[in-house]
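Residue numbers (my numbering), protein chains in the order written: chain X, 1 to 365; chain Z, 1 to 365; chain S, 1 to 365; chain P, 1 to 365.
Accuracy of the hints is not assured; some may be wrong.
Identical copies look the same in the list; a pair holds intra-copy or inter-copy alike.
[To be verified] Using 25 Å as the maximum straight-line C-alpha spacing, the simulated BS3-like pairs for lysine-lysine come out as follows: (1) Lys313 to Lys280; (2) Lys261 to Lys324; (3) Lys324 to Lys115; (4) Lys312 to Lys280.
Hints were generated in silico from the structure; no laboratory data involved.
Number of protein chains: 4
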Amino acid sequence: MSGIWGKNVQVSIFGESHGVAIGITINGLPPGLEVDMEQVLFEMARRAPGRNELTTPRKEKDQPEILSGLLDGKTTGAPLTAIIWNTNTRSKDYSLLKNVMRPGQADYPGRVRYKGHNDHRGSGHFSGRITAPLVFAGAICKQWLAQKGVTVGAHIQSIGMIEDESFADQKEVTLEQIRSFKEQQLPLFNVEKETEMKDLIVEAKEDGDSVGGVVETFVLGLDAGYGNPFFDSVESQLAHLVFAVPAIKGIEFGTGFDIAKMRGSEANDEYYYDEHGQIKTRSNNNGGIIGGITYGMPVVFRAAVKPPASIKKKQQTINVEEGKAAELEVEGRHDPCIVPRVLPVLEAVTALGLMDLMMGGQHHE
Amino acid sequence: MSGIWGKNVQVSIFGESHGVAIGITINGLPPGLEVDMEQVLFEMARRAPGRNELTTPRKEKDQPEILSGLLDGKTTGAPLTAIIWNTNTRSKDYSLLKNVMRPGQADYPGRVRYKGHNDHRGSGHFSGRITAPLVFAGAICKQWLAQKGVTVGAHIQSIGMIEDESFADQKEVTLEQIRSFKEQQLPLFNVEKETEMKDLIVEAKEDGDSVGGVVETFVLGLDAGYGNPFFDSVESQLAHLVFAVPAIKGIEFGTGFDIAKMRGSEANDEYYYDEHGQIKTRSNNNGGIIGGITYGMPVVFRAAVKPPASIKKKQQTINVEEGKAAELEVEGRHDPCIVPRVLPVLEAVTALGLMDLMMGGQHHE
Amino acid sequence: MSGIWGKNVQVSIFGESHGVAIGITINGLPPGLEVDMEQVLFEMARRAPGRNELTTPRKEKDQPEILSGLLDGKTTGAPLTAIIWNTNTRSKDYSLLKNVMRPGQADYPGRVRYKGHNDHRGSGHFSGRITAPLVFAGAICKQWLAQKGVTVGAHIQSIGMIEDESFADQKEVTLEQIRSFKEQQLPLFNVEKETEMKDLIVEAKEDGDSVGGVVETFVLGLDAGYGNPFFDSVESQLAHLVFAVPAIKGIEFGTGFDIAKMRGSEANDEYYYDEHGQIKTRSNNNGGIIGGITYGMPVVFRAAVKPPASIKKKQQTINVEEGKAAELEVEGRHDPCIVPRVLPVLEAVTALGLMDLMMGGQHHE
Amino acid sequence: MSGIWGKNVQVSIFGESHGVAIGITINGLPPGLEVDMEQVLFEMARRAPGRNELTTPRKEKDQPEILSGLLDGKTTGAPLTAIIWNTNTRSKDYSLLKNVMRPGQADYPGRVRYKGHNDHRGSGHFSGRITAPLVFAGAICKQWLAQKGVTVGAHIQSIGMIEDESFADQKEVTLEQIRSFKEQQLPLFNVEKETEMKDLIVEAKEDGDSVGGVVETFVLGLDAGYGNPFFDSVESQLAHLVFAVPAIKGIEFGTGFDIAKMRGSEANDEYYYDEHGQIKTRSNNNGGIIGGITYGMPVVFRAAVKPPASIKKKQQTINVEEGKAAELEVEGRHDPCIVPRVLPVLEAVTALGLMDLMMGGQHHE
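Put together the whole structure using the sequences plus the hints.
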């Protein structure tokens with residue numbers, strides 16, 4: 001099983017990068033939800049390639065066609081399916097690579113897993129392109145969340161060694177700021193880092209190489225009481241989805257790995273009543289989640305994005321058909337850094353994960 | 001839903017730390033599996049409290065009683081249920097804490113989630129004690145994995161700021177070494193760090209405080225071809241379970257967050273044929289998993305364990321019944337550091353996650 | 001997988017008839033639900049053996065011990081586990097039967113399925129005794145349903161050829177009537193059939209034989225709008241659970257198989273507004289469910305219960321160890337008719353199925 | 001949740017009868033399965049409308065377009081999605097019916113369930129048309145089953161009061177016979193009943209009315225040892241899917257409701273070794289399943305199909321917008337009897353249910 005996820009909101013994804021179309025079916029959307037399609041297209045454009053010099057020049061329109069589940073702009077309650085046709089595929093670019101295993105790509109594990117029958121053209125079903133339907137779904141989930149006062153935002157925590165400030169460093173993060181982040185190529189708290197980051201990416205590109213980075217995602221407006229102890233903890237729910245996104249190799253909540261260096265007296269987030277009588281914590285080292293359940297502070301996590309495996313530089317590898325060593329120079333149109341394009345995908349799966357959780361109820365009724 | 005997990009091997013956990021008993025039901029164990037109960041008890045003893053000066057002096061025997069699913073030492077194929085009676089519970093220690101929310105504990109989110117009906121005695125169902133049944137299940141899974149040539153091991157990567165060497169630093173890790181790790185209080189590659197780590201723990205204890213750390217888990221002998229792209233990636237599967245373990249705040253696979261600082265040419269794990277014609281990679285930055293699927297190298301991940309929230313030091317918090325600020329000094333028998341006790345739990349859920357995955361087939365038949 | 005069922009209320013059953021104990025874990029019960037334990041014991045006694053001359057003289061107390069999930073008589077929201085110890089087991093009765101396959105029992109299919117490792121003593125995990133935990137769970141679900149105004153009742157539609165009137169024949173069925181049904185050995189609309197039915201059962205018993213029958217279950221007070229089209233139809237939900245009860249070979253909703261003989265103009269249930277403005281249908285041929293969804297009329301279904309396979313009469317069968325024909329006379333204490341004992345089990349799984357459905361929401365919020 | 005089903009083979013259906021397209025995604029198909037598309041189209045044509053005078057004159061081509069998961073005629077192992085465009089939709093026929101609830105249709109329960117937002121045109125997502133994708137999936141499953149020696153067949157057991165012979169009455173049913181059944185408008189063991197049945201259907205049509213019937217499905221070549229006790233019994237698995245098919249109101253396995261009238265000595269299926277040393281039973285009253293598990297004899301069940309609710313005859317009902325009684329004469333192109341078109345759908349879900357079961361393993365390995 002690989003293409004289906006969810007309990008209360010269930011998604012089923014499909015498609016190969018060089019097949020006929022990719023798409024998604026969403027089950028469990030409440031009937032009567034008005035879908036702002038412009039917002040959906042806006043979110044999808046954030047992920048789409050070819051927007052600027054930092055990404056692959058390959059242009060895909062990522063225009064979803066809705067097949068079911070929507071009537072007069074509102075959800076019907078029946079499964080909502082959207083597809084995106086694959087139009088700009090150059091299969092020839094990839095045809096020689098069936099037997100030469102690209103390092104860092106799913107070529108070899110996928111070949112074993114699917115006994116060589118998997119679609120090898122442009123990574124096939126393993127392609128990052130399959131995240132476009134996730135962004136589609138996430139955009140709808142965000143609209144539902146907005147009605148509940150919940151907002152998902154994200155910024156680039158780092159590209160290579162260059163670090164932005166953290167969410168925890170901010171006095172306040174406004175909805176306006178989150179909106180403006182979505183307009184930016186590199187959403188940053190400290191915009192002075194932008195040039196440095198861009199230079200790093202362009203430099204890698206010119207070397208025929210690539211760079212990675214870290215995305216920090218945060219959720220505002222989430223009440224206390226969502227989630228569960230053990231298997232269905234909020235962390236389990238979100239981490240499961242985040243690791244479903246290609247290229248993610250780590251996730252940490254709140255202070256994350258640094259909390260392991262703290263003492264308990266420092267790590268514990270002390271409660272207090274604020275001036276409105278709201279229960280808050282002075283620090284948020286637990287990233288909004290304790291015992292698998294939200295406590296009313298922002299949910300915050302960082303995800304590590306590896307540098308794209310498709311690089312022009314010559315690499316050593318193997319030819320599995322010939323059973324011997326091979327050299328490889330991957331031609332084609334590649335992203336020198338996918339962090340800015342992964343960011344909206346992470347927002348999307350976060351929205352999906354939270355909506356699924358919230359539809360299960362804050363507490364049993 | 002919180003107590004049930006799994007697809008091919010399904011577990012259902014239950015119990016509260018100060019209730020009658022805790023336990024687990026395991027579905028899907030293959031019939032005829034011989035269960036070495038000594039090995040099971042050995043694994044459970046590794047997690048049990050009271051073993052030495054580094055843990056809580058509270059002694060619980062963690063003796064499982066098997067109710068079903070085992071006949072003449074072999075699994076029957078029917079659900080296997082084991083319970084552990086709660087014997088050494090001092091409810092009085094906790095009775096005053098119903099309304100004063102302990103920072104860093106699930107008291108407050110649990111209270112909201114369960115409308116105040118949750119068992120508040122000794123953290124109730126949120127207690128780390130509920131991981132004992134997971135270790136029981138993991139011990140059985142390990143025996144099944146052993147038959148397939150798969151071994152799960154772990155060492156302490158760090159306590160506070162004190163670091164052990166990493167798995168990636170080792171030329172070779174033998175099964176003998178893994179076995180010896182299981183005998184040790186603080187399993188380390190570099191045993192010279194042991195005294196330093198112990199001192200740090202004892203020091204925190206004397207201060208009425210606590211310390212955290214990082215556990216590195218590794219899996220040897222796992223073939224290429226297990227796992228799936230997207231939602232059922234090996235990373236999703238393992239991260240889901242690892243975040244089901246109380247106190248975990250981060251997970252990273254392979255080089256993890258550091259891969260975000262690399263260039264693609266450095267991060268990509270180049271393939272080669274070894275002298276036996278086996279396909280291997282020169283580095284293992286992806287931690288044995290690409291595209292959600294294993295590629296035959298060790299699966300490696302690190303998990304961040306926060307310092308125990310129960311400390312003697314005075315803390316500021318709130319009394320939710322009175323609706324005002326409160327001071328708190330938690331009495332009772334607490335662990336100054338739970339890293340050594342969390343380690344076998346992480347091994348256990350890893351074994352469970354892998355067995356579930358492997359029973360689904362390396363590739364569809 | 002066999003022991004776990006449910007989405008919003010999940011149950012996990014375990015145990016073998018001659019093992020240590022049988023039991024159940026219930027996940028998803030809302031916190032704070034007051035459990036009337038007398039009612040639970042009353043329901044369990046209805047299913048228990050040895051109550052009268054119509055059932056096996058084997059006496060099992062079916063006394064549940066609650067291990068978790070209940071505090072001061074209320075659910076905590078954590079998994080609720082109850083076990084029933086096996087005390088009155090005479091393993092000797094069954095020891096010779098390991099290799100001689102009893103016709104109509106699960107001996108042979110179970111042996112193949114579990115490669116001979118299944119517990120063969122007294123049907124092991126296949127025993128009808130494992131339905132006792134289901135009655136326990138159903139009794140709690142009924143208490144939740146009662147709060148929502150929903151009542152589950154059942155009567156014996158037939159024993160052998162002797163038929164009771166049907167639910168559809170009644171002008172009205174009151175809650176009082178349903179309560180009185182629960183007190184009766186053979187709950188019937190037409191009590192004049194009782195003697196005839198009893199005689200039939202006793203006659204079969206004296207012949208060393210057994211008889212089957214049909215149970216009709218009905219649900220009052222269920223609003224319109226529960227259920228789903230296709231896979232999660234109310235019929236799918238209930239039929240799935242009903243066929244989980246041993247000995248059931250058929251289920252039909254509303255007019256059932258007889259609707260296949262009708263014309264559409266006769267079968268269609270015409271809507272009208274009653275004197276209170278409530279939407280009702282003049283007939284109820286669809287048994288309260290159309291398009292997989294309730295429409296506010298009683299949900300009604302009948303289930304066929306086969307005659308118990310364990311009979312004293314000599315039977316022809318095979319000895320699988322010797323690979324040849326064998327004769328069999330099953331000694332021991334058997335039920336000549338299990339219809340009266342299956343009836344509360346059917347009520348129980350109906351309550352469970354409905355609560356699971358209702359907790360998912362009448363319509364998405 | 002309503003559109004997703006399955007564990008090892010998972011399907012996700014979508015679409016509304018008058019929307020853009022309907023379709024299905026199949027997860028878990030083994031990679032490398034050659035799909036004979038002619039066979040798929042043949043099966044789909046069996047269900048399609050407009051084939052003869054017995055069905056609606058509405059012609060829909062039911063031509064699937066495959067979007068993913070198939071490469072060079074073989075499954076890739078990735079999700080396989082197929083859609084069928086809706087071309088021949090006359091929305092005007094249905095536009096007046098938004099507020100007048102058609103008896104026997106899902107109009108009213110669907111309206112409550114989806115708060116009036118469901119697509120009301122031509123029954124929307126409740127339409128029997130959504131079974132076309134199920135037949136598509138079933139056709140692929142049948143090809144997989146054929147490789148395992150398993151064949152699914154069906155005949156019409158009855159139309160109205162007119163009965164065919166039963167499967168149990170046949171000495172032998174050959175694969176040739178099953179193939180010929182698929183070619184026939186009304187597949188029957190006793191072909192002499194064909195004219196009588198046709199006359200009955202045509203007569204109902206001329207009266208502006210409709211008739212129901214019963215379909216008997218049988219599975220040949222299924223080994224002993226598939227299935228599970230309790231929740232995942234073969235009966236639960238198949239009944240769940242069969243009740244997902246619109247218009248089904250009952251299901252019975254083997255002798256079904258008639259077994260309830262038998263004595264145990266008659267109902268028990270006695271085992272014997274046949275001349276090849278194969279274990280068989282002399283009767284098959286249990287329909288191939290005991291204890292939820294197959295025993296190597298044919299799996300046999302009958303399903304009751306209600307008469308189509310859409311009839312021309314005048315009916316009494318309500319107008320929910322006006323809140324008062326209304327009269328209704330449903331215009332449009334309707335089937336006087338859907339039994340022949342439901343038959344291939346029942347075969348399809350049976351194939352799907354069995355493949356899902358068989359991929360889980362005959363017994364745990």
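Results of checking the hints against the structure:
For the identical chains of this complex, Lys313 and Lys280 are inter-copy neighbours only, at 21 Å across copies versus 51 Å inside a copy, given an alpha-carbon limit of 25 Å. Taking CA atoms no more than 25 Å apart as the test, Lys261 paired with Lys324 passes in neither setting, with 46 Å inside one copy and 31 Å between copies. Proximity of Lys324 and Lys115 under a CA criterion of 25 Å is satisfied intra-copy only: 19 Å inside one chain copy versus 43 Å between copies. In this homomeric assembly, Lys312 and Lys280 come within 25 Å of each other (Cα to Cα) only across copies, at 22 Å, whereas the closest approach inside a single copy is 50 Å.
Checked against the numbered hints above, the structure violates only hint 2.
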